[in-house]
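Protein chains: 2
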Amino acid sequence: MIKILIVGYGNVGRGVQMAIERNADMELIGIASRTPERVKKSVGEAVKVYDIKEIANWYKDVPADVAILCGGSKSDLAQQTPVINQYYPTIDSFDNHSQLPEYFHLVDEVAQKAGKVSVISLGWDPGIFSLERVLANAYLPGSRAYGFYGLGPKGGLSMGHSDALRTIKGVKDARQYTHAITEAIDEVRAGKNPEFSAGDMHSRECFVVLEDGADAEKITAEIKSMPGYFAPYKTTVNFVTQEELDEKFKGFPHDGCVVAAGTTGSANNSALIEYHCTWGSNPEATAQVLTAYARAVKKLTAEGRKGAFTILDIPASYVSPLTREELLAKMM
Amino acid sequence: MIKILIVGYGNVGRGVQMAIERNADMELIGIASRTPERVKKSVGEAVKVYDIKEIANWYKDVPADVAILCGGSKSDLAQQTPVINQYYPTIDSFDNHSQLPEYFHLVDEVAQKAGKVSVISLGWDPGIFSLERVLANAYLPGSRAYGFYGLGPKGGLSMGHSDALRTIKGVKDARQYTHAITEAIDEVRAGKNPEFSAGDMHSRECFVVLEDGADAEKITAEIKSMPGYFAPYKTTVNFVTQEELDEKFKGFPHDGCVVAAGTTGSANNSALIEYHCTWGSNPEATAQVLTAYARAVKKLTAEGRKGAFTILDIPASYVSPLTREELLAKMM
Chain A
7 MIKILIVGYG NVGRGVQMAI ERNADMELIG IASRTPERVK KSVGEAVKVY
57 DIKEIANWYK DVPADVAILC GGSKSDLAQQ TPVINQYYPT IDSFDNHSQL
107 PEYFHLVDEV AQKAGKVSVI SLGWDPGIFS LERVLANAYL PGSRAYGFYG
157 LGPKGGLSMG HSDALRTIKG VKDARQYTHA ITEAIDEVRA GKNPEFSAGD
207 MHSRECFVVL EDGADAEKIT AEIKSMPGYF APYKTTVNFV TQEELDEKFK
257 GFPHDGCVVA AGTTGSANNS ALIEYHCTWG SNPEATAQVL TAYARAVKKL
307 TAEGRKGAFT ILDIPASYVS PLTREELLAK MM
Chain W
7 MIKILIVGYG NVGRGVQMAI ERNADMELIG IASRTPERVK KSVGEAVKVY
57 DIKEIANWYK DVPADVAILC GGSKSDLAQQ TPVINQYYPT IDSFDNHSQL
107 PEYFHLVDEV AQKAGKVSVI SLGWDPGIFS LERVLANAYL PGSRAYGFYG
157 LGPKGGLSMG HSDALRTIKG VKDARQYTHA ITEAIDEVRA GKNPEFSAGD
207 MHSRECFVVL EDGADAEKIT AEIKSMPGYF APYKTTVNFV TQEELDEKFK
257 GFPHDGCVVA AGTTGSANNS ALIEYHCTWG SNPEATAQVL TAYARAVKKL
307 TAEGRKGAFT ILDIPASYVS PLTREELLAK MM
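Same order as they appear, the protein sequences are chains A and W. First residue of the first sequence: 7, per our numbering; consecutive thereafter. First residue of the second sequence: 7, per our numbering; consecutive thereafter.
Hints are computed from structural coordinates only; laboratory data are not their basis. Predicted model only: the values in this text are computed from it and were never measured. One or more hints might be untrue.
Heads up, the list lumps identical chains together, so a pair's fine if it works in one copy or across two of them.
As the list claims (entries may be wrong) - No farther apart than 25 angstroms at their CA atoms in a straight line, the calculated lysine to any residue pairs in the SDA-like style are these:
no.: 1; residue 1: Lys198; residue 2: His282
no.: 2; residue 1: Lys336; residue 2: Glu115
no.: 3; residue 1: Lys66; residue 2: Lys336
no.: 4; residue 1: Lys336; residue 2: Ser104
no.: 5; residue 1: Lys305; residue 2: Asp218
no.: 6; residue 1: Lys336; residue 2: Thr226
no.: 7; residue 1: Lys160; residue 2: His282
no.: 8; residue 1: Lys336; residue 2: Gly148
no.: 9; residue 1: Lys256; residue 2: Ala273
no.: 10; residue 1: Lys66; residue 2: Ala52
no.: 11; residue 1: Lys160; residue 2: Val177
no.: 12; residue 1: Lys336; residue 2: Tyr235
Bound conformation, chain A alone (with noise of 0.2 angstroms):
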């Protein structure tokens, strides 16, 4: 059995959780949190919870294979995942792709040192839409890979654009919906890898709950004027009630894909990959990945490996429940 820890107790640690229970060679061991009191009132007497800060007073009494690192904000990790590190192989989901550099040299030193794995970065993106780009790059040399997010007509829910709407004063609640402008992918698929600005690929659809007295009109204009979430897309802003937004926007829908386009042999062939997943629940759906990959971390361990790695380092076969055995004769 592979002994998980989960730290931190939001929408994805409770994803982890449940995750856990379908993998047949996975348990949980536990839960740490900065707020245990509140995790032990959500989960009951059945899971032991633990407080972060104490860790090395407990730590050698919960021996976790893996802690996957679910901290509800993103900003977290950056601090937790050094710390951590210095007493289990960690997983974490580290979203900043500007920073992803920097954050895996500081994650690899520590984890060298700590004589540990750490996967950093998993999840949907970066995570396996980061594999999927790569692996069709690699197979369409010249073209390049795409993503798009928010195919469906509802488009998809992005958290940290609803988490941005929600620090305007004015603005008492909030979720932002993302959309995909089809003629943007559909110049993707005819091969002629185009320079897109951010704009021409996505727009963004809010749908806002005013406090009262609030001024609807400045607040449209606050938005539409923010610098990187809203600024350089089309962005429409709709009034709605509370009532409406939880009746109407409730859940964490979201979809994407990436796409590929290039050629093959001297005729110039055409040639197209695309890779699309559809979530109901994207936290549930980041934490079903984040879990899978516990298996490569013990596998990684039991090799003798440490440092940081991404989903680029990690072959499938050490993702997967099956044996090898199993993988050649039903699944190649």
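Given the coordinates of chain A, assemble chain W onto it according to the supplied hints.
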């Protein structure tokens, strides 16, 4: 530079030659063939051509990093790989799924003894579709991953089934198009993880040129009752002239997808993964995949690894032309 020896100069061998030209870090060191005179006529003076039967006499003068085996008939590989792997690390596309475990162990023994790497059963399926099946099953425990071929209106050309048609007495030429059954894909997408027989998933469409005086009705009956190839499927047989066949059914187009549907969490939120490939030329696309893994063979060899490998054993970073720093900065 990665020095590549092509063994076998049919459609896939020519595809590998063109793929090498698309990869700046690779060069063609020569072509080995059972019919070197035929190949020399085709490639001219620019490429060195060797007689594969004489390999013991010339291998020392041909320092290839990897030999990519492109045997015209897939059944050749069971004989060829163990011989050539004595001299070079190899890549092959052995595609008999039922004999694959036995083949792996045969090659592994040879490769271990020779101290060389041998990547077997690479290409589209087995190959990149095998990889996607294993990953989807790991991310969505309890789901099955299904493969469908011939998604577009024209379907996809099956070389194996076309060859089978041509073995029938009275058939002058023929091509077979595979069609996925749309309703079956929809059942999988709906998360039903259905039990399918082969005929539930695909139908087969034959375009046949008769020899003078051949009996169309008798040949139709013979095709439809051919075990394995056509008997399990809804099969339609169309008779055409050679001119029609050459004009309307040229090239080697094919497409297909891996589909896996499952759920996440305790509320069973839906989760769907689809991987699609659309090839203008199936043998050229297969060749580009084989060629990309030449990088992995060189890296594994440099690490002192030996024995048989499948695509499931090889991390994506080994297949990419990018450095670790480039991968972290651009592709994660």
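A quick look at each hint next to the structure:
1. Lys198 with His282: This pair counts as both: shortest intra-copy Cα distance 20 angstroms, inter-copy 19 angstroms.
2. Lys336 with Glu115: between (39 angstroms within a copy, 21 angstroms between copies)
3. Lys66 with Lys336: Close neither inside one copy (40 angstroms) nor across copies (39 angstroms); limit 25 angstroms.
4. Lys336 with Ser104: Close across copies (9 angstroms), not inside one copy (40 angstroms); limit 25 angstroms.
5. Lys305 with Asp218: For Lys305 and Asp218, neither the intra-copy (56 angstroms) nor the inter-copy (63 angstroms) Cα distance is at most 25 angstroms.
6. Lys336 with Thr226: Result: close neither inside a copy nor across copies, 55 angstroms intra and 34 angstroms inter.
7. Lys160 with His282: both (16 angstroms within a copy, 23 angstroms between copies)
8. Lys336 with Gly148: between (34 angstroms within a copy, 15 angstroms between copies)
9. Lys256 with Ala273: between (50 angstroms within a copy, 14 angstroms between copies)
10. Lys66 with Ala52: within (20 angstroms within a copy, 66 angstroms between copies)
11. Lys160 with Val177: Cα proximity of Lys160 and Val177: one copy only (22 angstroms, versus 53 angstroms across).
12. Lys336 with Tyr235: Only across copies: Lys336 and Tyr235 sit 20 angstroms apart there, 45 angstroms inside one copy, limit 25 angstroms.
Taken one by one, the earlier hints fail for this structure at numbers 3, 5 and 6, listed in ascending order.
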